[in-house]
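These protein sequence lines map, in sequence, to chains H and L.
Mapping the first sequence onto this note's numbering, position 36 (from 1) lands on 36, and the numbers just tick up by one.
Mapping the second sequence onto this note's numbering, position 415 (from 1) lands on 415, and the numbers just tick up by one.
Bear in mind the hints are in silico, worked out from the structure with no lab data behind them.
It cannot be assumed that every hint is accurate.
As the list claims (entries may be wrong) - 20 Å max Cα-Cα, derived SDA-like pairs, lysine to any residue:
1. K52/L to I3/L
2. K116/H to P193/L
3. K220/L to I133/H
4. K116/H to K52/L
5. K220/L to G283/L
6. K52/L to W100/H
7. K212/L to K116/H
8. K28/H to L113/H
9. K220/L to K28/H
Stated by the list, open to error - Quick list of simulated restraints, FRET-style, between CB atoms:
10. G446/L to R22/H: 49 to 59 Å
11. K411/L to D207/H: 26 to 36 Å
12. G307/L to A70/H: 29 to 39 Å
13. V48/H to V427/L: 56 to 66 Å
14. N188/H to P238/L: 48 to 58 Å
15. V178/H to M1/L: 25 to 35 Å
16. L23/L to R22/H: 31 to 41 Å
We put the beta carbon where it would ideally sit given N, CA and C, even for glycine.
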Amino acid sequence: MLLNICLYLLVLSNFLLLGTSRVAQMTKYTALQGFLLAALLFDFGHSVLTVAVLVIKGLVLPGLLWHTLAKMPKDSLICPHRLVALDVIAGMAGLAFAIWLDARLGSDLTFNLFPKLFLPLGLTTLFCGLILIIGRVKAITQVIGYLAAENGIFLLGMPLMTQGTTWFELALLLDVFVAVFVMGIAINRISDSFASMDVDRFRSLRD
Amino acid sequence: MLIAILALPIVTGLIMLFFGRALLCRLLLPVTAFCHTLLTAAIAWQVAHGQKPSALAGMLAPDALGVLFLAIASVLFLAVSFYTVSYLREEERIGIHTNILLDHGQFTNQPERRFAAFLCFFLASMSLVTITPHMGVQWVSVEATTLSSAPLIYFHRHKSSLEATWKYLIICSVGIALALLGNILLSVAFYSPKAPADAGFDQVAWFIAHAKNANPTWLKAAFVFLVVGYGTKMGLAPLHNWLPDAHSQAPSLVSALLSGALLNCAMLGLLRGHQIMQAAQLGEMSSQMLIFFGLFSLVTAAVFIVGQGHYKRLLAYSSVEHMGILALGIGVGGLACQGAMLHAVVHSLTKCLLFLLSGNILARYHTYSSYDVRGLRWTMPFTGSLWLAGFFAIAGSPPFGLFVSEMLIFKGLLAQGYVWLAISYLVLLAIIFVGLSVACLRMVQGNRPLDMPKSPREPVLSVLPPLVLAICVLGLGLCVPDALWHFLVRAASLIG
């Protein structure tokens, strides 16, 4: 029951991420995804990882993003509406593709390992993350996209987690934390140097 | 010893970061590099004599392939560490710099201690990539290489380097995330509900031993994601977009490490996947993918090298070319694979040599344009001579080592019956030779610019490491020592 509720909320959070133009709102949805992943881990019985994911993905990483946003001018934190509409359409196409792929792969292995809906929703989260990275022009939305894509991959790896692999998952979380930390520093520099967070201003390095 | 090889750069890096004065950093860096090389030599000796060094319950247990790439990284870092002393001294003397690529704005460098510390962390993460047989740990350490090298690329705090750093961070992080998906799919392929997998730390050996029971569909999907993920970091076209920007904007000594050592480390992740695919009788598919990406990289490099005016980007595209050659040789297998192993060694040495020299040229001429650099032989006699030798070496001319390795790969292609591939390979190498020669020879020839001093002094530490590297590259062209060749054959036998 908890599993299904979390999965449905996760797919909803993906489309909320794609459908909003306000970066501050996107940060909140990123935190929501962290909480949902922690709830799923709790359902799987991984207590240590539940706490780690809750703290890192639910609180610390969104907090880092929020801290970065606080220094930016408010009018620079809104994405163009045209891009938002295109992203939602691309996300729906991603969901349809993931469901189709799951149906094609519907072997015994899939059902034994992945609970129902796990595979398509993991893939959809990954696709939504990639769409955010490619489809938005702000540096911070690329970081949010990276986090969403990583959440999708984390979800797909969840059924394979055992007590013996907890150290690896913690190392992975540490890596993601450092990555977002470094990206946060870079965003601050970008904002200072370019007076904007738009990566389409990056035009000096071309052939 | 295996723990020491990780602990040494981490501890030194922390000392530099928290207590590092400039003099201490400049002293510690070569000392650390030298000790690391000694430890690497000891590990290589053990592995060459059939021993299996292991530590941390098997989490650190390198094989011949891993030791080969560890040795390359360690030797390159040693050369770079001496060069860095001279480089940092010069940077300190200049103080405030001007961005010559964009808007001519002024900028300062990052603190020296941070730069030196992250160089050490970068070495530690590359070492971990090469000595672990666990694919998860390898993934974590490859991501750690990205995070530890990003501040190095942003050493010069200006807009262009920030742009390059951002592209590097985002593209490589996303690429590596896809490699993680590849790792997960690999575990799915080996999943069995009746007997849960307990691979321990030596995952590669476990996967190879149980490869015949793996689900082929999931295994193929896993390899595709491993190629995309690690291929991005390795700079295989069309996933190479970060590479020319990062290599051109990083300090030249960092470019030397990125190109000579980091790309090999990323390739190791790909090679582990190839090993497992071969054990599962799916080697044909993985070989074909490597050949495709290899050839595509060669074509891409040829297109961008011809007419390239930015000499550091020229070297970066040359790295794309050589990664393509490596992928091609490994994909074909047999003699070509042995040639590819030799190619990995010689390319790393040569590219390190050229990037270090490009740093000398940039410091003297203050331009990235090969059109504006004229008369190197007059203005910088040592650097100019080595640049010329380096050009002939990287273009695959005799008597340098790359000629031998490229010919071995060519013979391997013919021996396996890939006649059209061999012809395409030669044609592309010829085009690249022409493209490189136009730019590199133009820089050496011509008259000395009027505002350049006639016979300026060149700091010993800025030309000595490239000189030693050039001698090694020449030596490997004249004669490959038996011990090295046997080691390369052993490494090649693991991947085909």
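Hints, verified against the model:
In summary, the hint linking K52/L to I3/L is supported, as the alpha carbons are separated by about 14 Å, within the 20 Å threshold. The suggested pairing of K116/H with P193/L holds, with an alpha-carbon distance near 16 Å, which does not exceed 20 Å. Simply put, K220/L and I133/H have alpha-carbon atoms about 26 Å apart, too far for the 20 Å limit, and the pair is violated. For the hint linking K116/H to K52/L, the alpha-carbon distance of about 44 Å lies beyond 20 Å, and the restraint is violated.
Restraint check for K220/L and G283/L: satisfied, since their Cα atoms lie roughly 10 Å apart, inside the 20 Å limit. Between the alpha carbons of K52/L and W100/H the distance comes to roughly 47 Å, so the proposed pair goes past 20 Å and is violated. A threshold of 20 Å between alpha carbons decides the hint, and for K212/L with K116/H the separation of about 28 Å lies outside it, so the pair is violated. Of the pairs offered as hints, the one joining K28/H and L113/H is violated, with about 31 Å between alpha carbons and a cut-off of 20 Å exceeded.
Annotation: proposed proximity of K220/L to K28/H is violated, straight-line Cα distance about 37 Å (limit 20 Å). Range check, G446/L to R22/H: about 57 Å between beta-carbon atoms, so the 49 to 59 Å window is met. For the hinted restraint 26 to 36 Å between K411/L and D207/H, the CB-CB distance of approximately 34 Å keeps it satisfied. Between G307/L and A70/H the C-beta distance comes to about 47 Å, which lies outside the given range of 29 to 39 Å.
Distance hint check for V48/H and V427/L: the Cβ-Cβ separation is about 57 Å, which falls inside the suggested range of 56 to 66 Å. N188/H and P238/L have their C-beta atoms about 31 Å apart, which leaves the hinted 48 to 58 Å range violated. A hinted range of 25 to 35 Å holds for the C-beta pair V178/H and M1/L, which are about 27 Å apart. Taken as a hint, the range 31 to 41 Å is violated for the pair L23/L and R22/H, whose Cβ atoms sit roughly 50 Å apart.
Hint compliance for this structure: hints 3, 4, 6, 7, 8, 9, 12, 14 and 16 are not met, and every other hint is.
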